[in-house]
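J.: Listed here are the chains, written in short residue letters.
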Amino acid sequence: MKMEENRPDPDKLLTSINQEEETKKRGKLKIFFGMSPGVGKTYSMLQTAHIDLSKGVDVVVGYIESHNRPETSALLEGLEIIPRTKIEYKGTSLEEMDLDAIILRHPYLVLVDELAHTNAEGSRHAKRYQDIQELLDNGINVYTTVNIQHLESRNDTVAQITGVTVKETIPDELFEMADDVELIDITPNVLLDRLAEGKIYGLPESREAAKNFFRKGNITALREMSLRLVADRVDKQLKSYMQQKQIAGPWKSGLHLLVLVGPSKSSAKLIRWAKNLSYTMGADLVALHVENTQVLNEEQQEQLSKNIDLAREFGAEVIITSGSDLVSTTLDIAHKENITHIIIGKSGKQSFFSSLFSRDNFVNRLLKESGEIDIYVIEPGFEAKQYKRKLVSYPDFSSSYKHYIIAFLAVLSTVLLCLPIVRETGYQSISFILLFVILILSMFFRLGPIMMASAVSAVAWDFFFITPQYTLKITQPEDLLAFCMFFAVALVTGTLTAKVRKQERLTRKRAEKTNALFHLTKQLANAENTKKILEVSKEDINNYFGVDAYFLLQDGEGRLKKKQQNAKPGDFTESEYSIAQWVFKHSKKAGKYTDTLSLSEYTFYPLKGMKTKAGVVAIKPKKKFNGETELFWDTFLTQISNTLEHHDLAQQAKKANLLDESDKLYKTLFNSISHELRIPIATIMGASDTLLADSHPEKVRKELYNEILTASGRLNRLVENLLNISRLETGKITLHTDWCDMNDLFNKVTDNLRDELKPYRLDIVVPQTMPLVKLDFGLMEQVLHNLVYNSCKYSTPGTSIRLKSFYDNEYLIIQEMDRGPGFPPDTLPFVFNKFFKTEHKTTGGLGLGLSIAKGFVEAHKGTISVENRQNGGARFTIKIPTKISYINE
Amino acid sequence: MNTDTILIVDDETQIRRLLEITLSASGYKTIEASTGKEGLLMVASHQPSLIILDLGLPDIDGIDVLKNLREWFHKPIIILSVRNSEEDIVHALDKGANDYLTKPFRTGELLARIRASLRQGQTANDTPIFQIGDLSVDVANHIAKKKDELLDLTPTEFSLLSLFVKNQGCVLTHQYILKEVWGYGYVEQTQYLRVFVAQLRKKIEDNPTKPTLLVTESGIGYRFGL
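In order, the protein sequence lines correspond to chains A and B. With the first sequence counted from 1, adding 176 to any position gets you our numbering. With the second sequence counted from 1, adding 7 to any position gets you our numbering.
One or more of the hints may lead you astray.
[To be verified] Among the chain A residues that face chain B by a calculated CB cut under 10 Å, a handful are:
hint: 1; residue: HIS912
hint: 2; residue: ASP914
hint: 3; residue: CYS916
hint: 4; residue: LEU921
hint: 5; residue: PHE922
hint: 6; residue: ASN923
hint: 7; residue: ASP927
hint: 8; residue: SER1061
Calculated directly from the structure, the hints in this document are not laboratory data. Glycine is no exception: its CB is placed at the ideal position from the N, C-alpha and C atoms.
Starting from the given sequences, assemble the full structure and let the hints guide the process.
T.: Written out as structure tokens, the structure is:
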């Protein structure tokens, strides 16, 4: 991969800006760092704290371990000490830092000694550094102390140097993210003097015990390591600073490292080394594990899981994929992820055997085919176990005794069956029959029974068939060869078949995973609401992981809802709920099998969407998920969270859209009304003004008066329309029905529109036998008024306008038709929409008439429709289900 | 007749002014009140011939004023209201109002109804023969003629016609008509009314499908007269 030009990478810039933002809200962490116990970290910390105190800073002591060193204890004087809390666990009582008390007290600064300390069982977090993280999250600044041996990435090296392995480690991230690291440095001689003076360890025995650790050579080495570490840190901070301020420095931006992860301890070391390198280079790290047909034993699985966890802890992006050829799979991923450097371990001495058969060893091949990618080949180290690729893997002795018995019986029965026919076929052919049986058996059983069956059949063949029969003696040399070959072939066949089956099993497992994920994704895509999403999630989780999942969702305001969705069976207790809240707040898992609050029955996982937190899910797993399952579980949860988030956002978008729509409607209405109002008002004012200003001849005056009258009528009509539409909108239409004579109705309407109807030919068609119908006269009058008014507005004078009514099959039918322009066919479905107007020269009016008509008709539980007439014009048909009355005298 | 005094009770200045101008132009004397209380006082002190009463008064509900008045004032009262308040109008008519007008109203209508209401007050005991256009009705003798031709009316039809003729120009609510013609028990049977009106129209109207004499006031009742 080519180096990019010296332009700041926008992504990196964004990250560091975001980081800056984040740090503003978070508390600041200052680490007092030392190469060994006794350099004076706690002492310096207390000194600094006193200086702060004198400046008026609110300092408290969270936890100080003075190790009975009098000088240190003396410094505690004058500082407020938060009392430790007692943790009761299985009968014993231990003292730990009281995290809640400190959060409650919320000082500006708290002193917490021994960053790498492991908390007693029953504490909220397993490690003290997690406690400190929580303090920082709550905006409290922290001073702490730690030695170099406690850093994950340096742990091995220190063990190598001093011969002492320290078990309590902290992730390097913590060190990297600290805002300030102060190195407490003293020369080795001074340190050794202190030891001798008993200033470090009071008791002589302890001094003796520590002698090994405190050798001059060791101390010097440790000192150098510590100095280098701090220098590196400064270097990195400088780079970050330069990046932020857009100073184009000589930085190695755009570097991506890839480290291969395997199931061995040396792999762990490799990961640490890779982390170190990435730290120094300012590169990001990808950890790749390639599954292949090799079956891992329990120990290897455990180690692999640990390694993956370690990689994750270091902040590496973990990729797990499968492939039969390690080299091509690795390079594939490398190219996809734009990897610049690959880190692998030396595979150690290649056995003669494998160098004959494998084309090249892994390292050589990778070197050959890596192209532009740099390869770092690291010596695994003295404690590394060689992880050699074998042609034959360790036998899998996991079959049950039943399989062995069946295999044995199969061989035995074959032998017995063959006994009678050996005279015909000859003993050599029997071997084929036995081989065949082995082959069949290998289709069903694993390697263990197969090996046994091979051995038994070889021996049986020898005993029962090879001459001399019924002895184990082999006289002919060709028989001996045959015997050996038989056994070898049986074994190889069995193994190969078993291998094929293993591969098949693995593929099947992989297919299962893919299917499970596909199924989940499909179900989630089809879920139309939150309830459904959770339903399908629960089902799929149960199917694949075999656990019941309980979901707690956020309530829309960033807090976790108290009740779970579909709350049953058994709600969470208060304490469990508070764990869930913690998980929600910190977006980290907690509960059983985790580092935090591990005494709970449930394990809680955060549901993190791409931008927001969706909630928390709780499960009761029967045992800890291994690394691979955990990763898959993660994928599952990501899918679910994203779907929940997406759904939530879609709801919000819909709401916003709705508001937007009603806003738009409001604007349209507003503009329309103001326009429509202004015109008649202008007319009235203008005409009145003119009339007042001068005296005019009668004809002119009459005209002006008419203008005023017309304009007023127009205003009146407008107001009526608005009132009607608002009645419809607010649902305040109550039907006042009464018996109506259709003639009456039509007359009223046409009477009102007498003037408008003058130029047109009006037809009213009501059959003689038309019964009385129950209608709301006022509403129907308005409906027909609007229809006829429109017809008058748009038809050419002289054409006919017709009103027709009849009763048919329990429906009242009213039709209004004209010979006007009709409606453009593609607008027919929208004719009754609010504000609908056709393009026509005579504008004016709000376009509400038809929608009001529709509303009033529908208030009668009727329907209204429109169609274009064959010879031109429009026809409106109103159908109302109604009672009728024929009353004869 | 031209010295009839009309009391205008309405809280809107513009309406009062408009009415005052219009009525004065037609020769009526007008007095005004802007609240219900004031109106009642003015009725007592000035004894108007007719009251135009707005239903939407600020202090007392128009209906209450009406009820109050009807206990001691028996001259015509015309109520003013807004559109789409048929219920209120019917209620007022039942409580004793003679006629109604909806705002905005046409001057022609206003004057016609005033005339009709004033006449109604006077024709209580007058000539039994009514002449409306080419229709003549002799109430006492049960004779109705159109264009001098005798009309064949059933007893119910004649009662109906008589009622209309006696109250020409004024609106009559459905309930009132039903009560007067059919009796208290029939007050809900509007379908009878419709049918009979239709039949009556066939006999007395020039064009029964476009009636000019017997006009429907939707939601309220009927009005007879030119």
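J.: Would you mind marking each hint as holding or not holding in the structure?
T.: Status of the hints after comparison with the structure:
For the restraint placing A/HIS912 at the interface with chain B, the shortest Cβ-Cβ distance is roughly 7 Å, inside the 10 Å limit, so the hint holds. At a threshold of 10 Å, the smallest CB-CB gap from A/ASP914 to chain B is about 5 Å, leaving the interface hint in force. Taking 10 Å as the C-beta cut-off, the interface hint given for A/CYS916 holds, the closest approach to chain B being about 7 Å. Hint on A/LEU921 holds. Least Cβ distance to chain B is approximately 8 Å, under the 10 Å limit.
Because the beta carbon of A/PHE922 sits about 8 Å from the nearest beta carbon in chain B, less than 10 Å, this interface hint is met. Against a cut-off of 10 Å between C-beta atoms, the interface hint on A/ASN923 holds, since the closest Cβ of chain B lies about 6 Å away. Of the supplied interface hints, the one on A/ASP927 holds, with its beta-carbon coming within about 8 Å of a beta-carbon of chain B, less than 10 Å. Taking 10 Å as the C-beta contact cut-off toward chain B, the hint placing A/SER1061 at the interface holds, the least distance being around 5 Å.
When the structure is compared with the earlier hints, no violation turns up for any of them.
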